[in-house]
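Engineer: These protein sequences, in sequence, are chains A and B.
Just so you know, numbering that gives the first Met the number 0 puts 154 at position 155 of the first sequence, and the rest follows in order with no gaps.
Just so you know, numbering that gives the first Met the number 0 puts 213 at position 214 of the second sequence, and the rest follows in order with no gaps.
Each statement offered as a hint is correct.
Selected chain A positions facing chain B (Cβ under 10 Å, derived; list incomplete):
hint, residue
1, Val22
2, Leu26
3, Leu51
4, Ser58
5, Ala60
6, Cys84
7, Ala89
8, Glu119
9, Gly123
10, Trp126
11, Ala127
Hints listed in this document are in silico derivations from the structure and should not be mistaken for laboratory results.
Predicted model only: the values in this text are computed from it and were never measured.
Note that CB positions come from ideal geometry on N, CA and C, so glycine has one too.
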Amino acid sequence: MSASLADRVQALRGLYPDPRSAVVPALQLAQAENGGWLSEEAFRAVADALELTPAYCLSVASFYDMFRVEPVGRHVVEICTNVSCAVKGAQQVVDAFERELGIETGTTTGDGAVTLRTVECLGGCGWATVVAIDNRHRLHVRSADVPAIVEELRGDA
Amino acid sequence: MATPEIVFAGTNGGAVTEIAEYEATGGFGGLARARAMAPADVITELNASGLRGRGGAFFPTGRKWSFLPSREQVAKPHYLVVNADESEPGTFKDREIMLRVPFRFLEGCLIAAHAIESRHVFVYIRGEYEREFETLVAALAQIRKRKLLGKVTVVVHRGAGAYICGEETALLESLEGRRGQPRTKPPFPAIAGLYASPTAVNNVESITTATSILEMGGAEYAKLGVESSTGTRVFSLSGDVVRGGNYELPHGYPLSDLINVEGGGIAGGRTLKAVIPGGSSTVILTASEIENVTLDFDSMTAAGTAIGSAAVIALDDRCCMVQLGARVSQFYEHESCGKCTPCRVGTHWTTSILQKIEDGRGAPADLDLLLDVCDRVNGKCLCPLGDTAMIAIASYVAKFRDEFQAHIDQGGCPLGGASSLEGILAPVTVYERHIHAYGVGRMIERPLEVIA
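Same shape as in the complex, but just chain B (with noise of 0.2 Å):
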């Protein structure tokens, strides 16, 4: 395929893991260019790229990196964090990043840590992550060796578990060594982020490709993708496909080409349902609608969804929609951090009215009941974690109505026991017997009959 790989260059496929096979490669070319450029003029160049956010949020990359206040309006050192949490479901391409590329995406840890003038760079990755967390501490023993670390120290932190930690400042508060639950906003990390310190936090994405455009220039980076998304990106391919896996891709690449050609089409001769498109708290997709879809920033706003995290998730027609619902609910459930109350109330209720309309025992009114808790916690939470888990849901509702009425017409599944999503359930939460042994209180027991 002529398609440029600009993250993963160089790898022929495979891992760049010895420092040495990297520079023979042109490796940290960018940040030798970065290191005599002033820092304003590495934030110059990130601008000409039009590189934004990788994470999910979009936000151009330079601009953030331009709102760290100078030494002289605050007096206090400047940090970069890096987020390494990726939780989303359905995204999986950081860990393939951080595995073959580590010292591209090191080196951008230097870069960013120039441009932001900053001593200190932590990469919070997620706890799950444990051979990406050895490739990276081994990588970063031989940059210090070859002394190309200067005066940054890089601390890679493991997190222990926790999806809100993505959200910026659970991460924050996180890496503080506390419960990783998000602050409000203002102040902005830019202003007070950690240590209430002057912080910039990027995903790993981001930073890799920052490597890529100091080697290249920022004009020639935005030649590459589409005019509001520069660049190429690596999308998470997952679901009912014969090829799941990370993709590099320019962006403005057809949607349903991904589906069909990268990932060899829909298994088993089944047929394309749905598409959730940037990771599960996004707006899904029906199959029709997927059609003139292209894989950038604009193309999916038009089609009323959002590119997210770049996690494609294709569910084909075994997929109850119902039990979809309820399974994406009980993840946000189980990941609220229970700080506000729209979010940790909200999603249990939305769980328990999935689950009661798939078990049969849904009332005519169940479905605007949902429709109601969803609005009632959409723009109300703290943190985009309660207003996401209700977007994609309601989506569900909005897309599929005539489905989730037949359960309740029914009584129950029309699929029957036929859906690919039968009897899956929400991880087990030992949790309850913890708390118990330790006697400082109970959980609630949580039947799904609450609202029989």
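Bound conformation, chain A alone (with noise of 0.2 Å):
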């Protein structure tokens, strides 16, 4: 962990009355300090700096869908395939990312420059299809824009 990192831990514990409060604020600047996911030194600077246990780190970490526990590619697209999307053509977007990438959903490409993956309802639900680009929301994304928006996140790799 980087010191202004660790400053920033301790700024979050000032936050709450319990410090643990700030595992998950925590473990989320750990995340995008270490490229997007939480490695085993990663869970121990945080364990240190809230006077937890690694183990609690990770037993909290691992409840969230948000908190990943192995490298994943320099941009994340996550795709909703919950009803309001699926009913407007999610599953083709899918379909057009994994042609587009080579992958499979749930897999990063061999450059490690994209990780695809599929989630849970995004809250964009009139807005379907929502495709998440590292956090960021697309709205209405069909699976012709598919292409642009591979090609737009390979030349920023």
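Combine both chains into one complex, guided by the hints.
Structural biologist: Below, the structure written as structure tokens:
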């Protein structure tokens, strides 16, 4: 953990009557600093800063979908496949991403550029299909839009 | 349209993210009025408005606040926790409220804090709402600079992806830095909530509406809407409509008008088959059943369903009800926290049975088995997740039994590959590999053939 991150975790502690409350925000900071996933070292650093154990931090992280405990690509594409997006063609969007990226959902491209996931409702049902790219939501995505998105991500990587 | 806007008033369809703009249209007038009143009088004003919780349970907001014990009764700090963990499939109103009227929302937080005599506000916002988080933090900084916070601290706390954290006690567990698993009730949060202290947990829209109520007066607000459901509400419309989106309408507005007027009707000239009226946890309505239903508590209840989170999902005639059941069941299976057995195991069984029927391997007894599982889960769970999942799934069978039966009789889906849900699958969880990599156990392989 960098010195600045350690300082930020300490600052987080001060926001709550009980420092344990800072564990999720601290893990979020650590994950962002570590390239989008939590390594054993990251768990140890957060645990040390909050006077918890690494195992406790892992037990919390494992409950939540947004924490990842293995490396991810430089970009993460997450497609909502819940009902409202599904009836508007989410599966076609998933298929298009798999085709363009040449990978299966749940995996990362060989060059480490993009991880592709499907997720539960992202809360954009009326603007389906919703695709989160590095946590920023794109609305009304159609399969025809996918090649341009992938090109953008590759160019950016 | 003549519909008065309350929640989105003064936005002209846009967003008000500069404090000067908000103040120019009377912003923070409600807060000034509230702070000039005794806390109990603010609650009286809320009671006069008839405001009921906009998260889904429709509990009277003023009454909820009145349940907090006094300092003399319990010598602990009071907390206000705002539930901005909007995750009910079909629901996307709170994010638009936070993006477009962040000051009205935060003003409501300060009004509520005054009413319950709290100096600590925590806004628990779902982790996926990154832009909304940034909008709130920016608005909060402007409020702080204007010195409007008084002695109140407001912390915007991001969740990390868990539907169950929308359940208030799970949210409190999560906010305390634990896995988001619901607590047994009682004690209710009003008595022992955050850090075992008296806590009010309110939805974003409820809190935002409180601002308007303090501005216009509770009695004036109560003139809007219908008797049991006063005021306006932001309805989230999605599914097979031309114009999905959020529409602020008075309670009592016809459901069919929301779909056909605001939503522009069913897309592609197809016909409406069914409506999920209040988020995916509610009983489905057939196209003929929605005719005289209005968007309020009484009408929805009379129709055998619930207004829930005011999330209306319209489904056209391409939607296979078995696939719908399987996909909805997969969602609840994925989101079950695992704490209580009926929910954890029951949602897996309903998914398996529904998938088996969809795959054409259904046996004549499977429909009764499915309903039996629903019955063995509903009412036996620690929190509403498992209960409402079963209520929703059982309603698909009850109302479209012929379609389920046809799957079994024909050995597959009557729609063939033409269903709008064809091929859709639950999220691929990469967690199995994560757990394996850490060597702390292994999740059970779960092929859907378990009951072949």
